[in-house]
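In order, the protein sequences belong to chains B and H. Number 12 in this note's numbering belongs to position 12 of the first sequence; there are no gaps in the numbering. Number 229 in this note's numbering belongs to position 229 of the second sequence; there are no gaps in the numbering.
Keep in mind the hints are simulated off the structure, nothing from the lab. Where hints are given, some of them may not hold.
Stated by the list, open to error - Pairs of lysine-lysine, DSSO-like flavour, derived with a Cα cap of 27 angstroms:
#: 1; chain 1: B; residue 1: Lys37; chain 2: H; residue 2: Lys246
#: 2; chain 1: H; residue 1: Lys32; chain 2: B; residue 2: Lys183
#: 3; chain 1: B; residue 1: Lys73; chain 2: H; residue 2: Lys5
#: 4; chain 1: B; residue 1: Lys172; chain 2: H; residue 2: Lys5
#: 5; chain 1: H; residue 1: Lys3; chain 2: B; residue 2: Lys183
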Amino acid sequence: MAVNPVYHQTSDILQEELIWITKAKKDPEQFGPLYTKYHEQIFRYVYQRMDDQELAFDVTSQVFIKAMSNLHKYEYRGVPFSSWLYRIAKSELYQAFRDRKARKTINIERMHIFEMIEEFDEDETDKNKQKLIHCLGLLKQGDVQLLELRYFERRSYREIGEILEITENNAKVRAFRALERLKKLFMK
Amino acid sequence: MEKIKTIVDRERLSSNYIGSNQNFGHVLSQVKNLKPPIWKTFWFYGPIGLSAFAITVSITSINATGNYEQDRSSLITSKEKIETEVSTKEDNVYSPIAPENTLSPSLNSSDSVSETFKNEITVKTVINEQIDSEIPVESETVITLKKSVFPNIEGVYTGNIKTEVLCSENGIRCNDGIRVISFTIQYSAGLQDRLTKVKGNTIPNDVCDSIRDQSGDNMIFITEIRGLRDNGELVNLTSMNYIATK
Chain B
1 MAVNPVYHQT SDILQEELIW ITKAKKDPEQ FGPLYTKYHE QIFRYVYQRM
51 DDQELAFDVT SQVFIKAMSN LHKYEYRGVP FSSWLYRIAK SELYQAFRDR
101 KARKTINIER MHIFEMIEEF DEDETDKNKQ KLIHCLGLLK QGDVQLLELR
151 YFERRSYREI GEILEITENN AKVRAFRALE RLKKLFMK
Chain H
1 MEKIKTIVDR ERLSSNYIGS NQNFGHVLSQ VKNLKPPIWK TFWFYGPIGL
51 SAFAITVSIT SINATGNYEQ DRSSLITSKE KIETEVSTKE DNVYSPIAPE
101 NTLSPSLNSS DSVSETFKNE ITVKTVINEQ IDSEIPVESE TVITLKKSVF
151 PNIEGVYTGN IKTEVLCSEN GIRCNDGIRV ISFTIQYSAG LQDRLTKVKG
201 NTIPNDVCDS IRDQSGDNMI FITEIRGLRD NGELVNLTSM NYIATK
């Protein structure tokens with residue numbers, strides 16, 4: 001499976017990013033390059049999980065406000081800065097679902113549905129498509145999140161691990177189990 | 001279970017459109033306008049911190065008073081117990097000396113009675129000593145609260161003191177009408193330190209001789225200084241450190 005190429009960066013880029021972060025820690029206005037670089041990624045992550053575009057932009061702004069005000073707590077761990085932003089985004093999303101009554105949404109492409117049905121060795125019919133969509137709605141939030149990250153957004157297990165604050169192997173195991181649970185529901 | 005909305009093939013927003021919604025200036029101004037949460041401000045930590053400190057201090061002092069009262073009451077109880085034991089012992093001591101028991105037999109048997117009496121008297125003395133040794137404990141507790149009393153030797157409270165002054169006849173005195181009755185002195189004699197417990201307020205001659213014999217300056221530590229007030233109250237006085245010079 002092809003993975004999201006935006007996330008993976010060379011060590012030179014990471015070092016450049018670290019310089020931006022160091023400058024931004026001293027002067028918030030220096031955060032500009034990081035904002036420009038990651039705004040789209042974070043917005044897409046947020047908007048993927050909600051229906052309201054305006055609210056998604058609002059939540060994205062909140063993510064960057066939180067990131068800038070807590071930048072002094074950030075510690076470089078050899079991974080892209082985005083993994084930290086994703087974690088903030090995840091938390092802000094939950095807050096939006098809770099406080100602003102935003103509706104949890106799964107955005108899925110038809111192609112992904114058929115790939116999944118194929119994975120289950122079933123026929124790619126409209127009936128099966130509807131059944132799969134229904135089954136996705138029955139899954140637990142954690143399972144949906146793993147399936148979204150892995151199968152709909154094509155993220156690597158390493159990236160999933162960093163977003164969910166788990167190990168790469170654990171992300172692999174959890175994603176597999178989530179798929180198994182979906183399959184079980186689908187086969188009923 | 002929470003209902004999750006599923007959207008299939010939603011129109012993908014272009015990067016240009018998302019980019020046009022970027023507004024770093026707005027984010028920056030929001031960050032600058034952010035006020036720290038109330039629990040991170042001085043107005044929280046000032047009064048709350050002060051109140052917490054005040055509460056801690058009051059609780060500590062209440063506990064200290066409580067412990068003192070408890071110690072005092074337990075001491076009184078133990079003293080009463082000892083007194084009761086003494087009186088019981090005394091009863092036991094004198095009962096064998098009842099005339100019908102002591103006077104009737106031969107001379108040898110009367111000897112044995114007198115021996116018993118002596119033994120019992122010894123026991124009585126021991127008990128009295130126990131009571132004496134208990135009393136200072138009560139006084140020590142009292143005195144810890146009165147540490148403003150400073151003993152001195154000829155007006156020297158601490159630091160350098162000439163050996164002659166140290167060994168003066170006036171000895172350790174106290175300004176508050178307290179008579180020093182005992183103390184412990186630690187000094188160097190040759191290569192070893194010596195510790196001597198002294199009754200009275202003057203440093204004994206043998207100690208003074210040892211200090212004089214010492215070449216160079218000699219560190220003198222006078223501790224466990226106990227004094228007696230006019231009303232008979234026993235007090236612990238603060239320790240003194242001197243450097244005895246020639």
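Inset, instruction - Please name the hints from earlier in the document that this structure breaks, with their numbers sorted from lowest to highest. - result: 1, 2, 3
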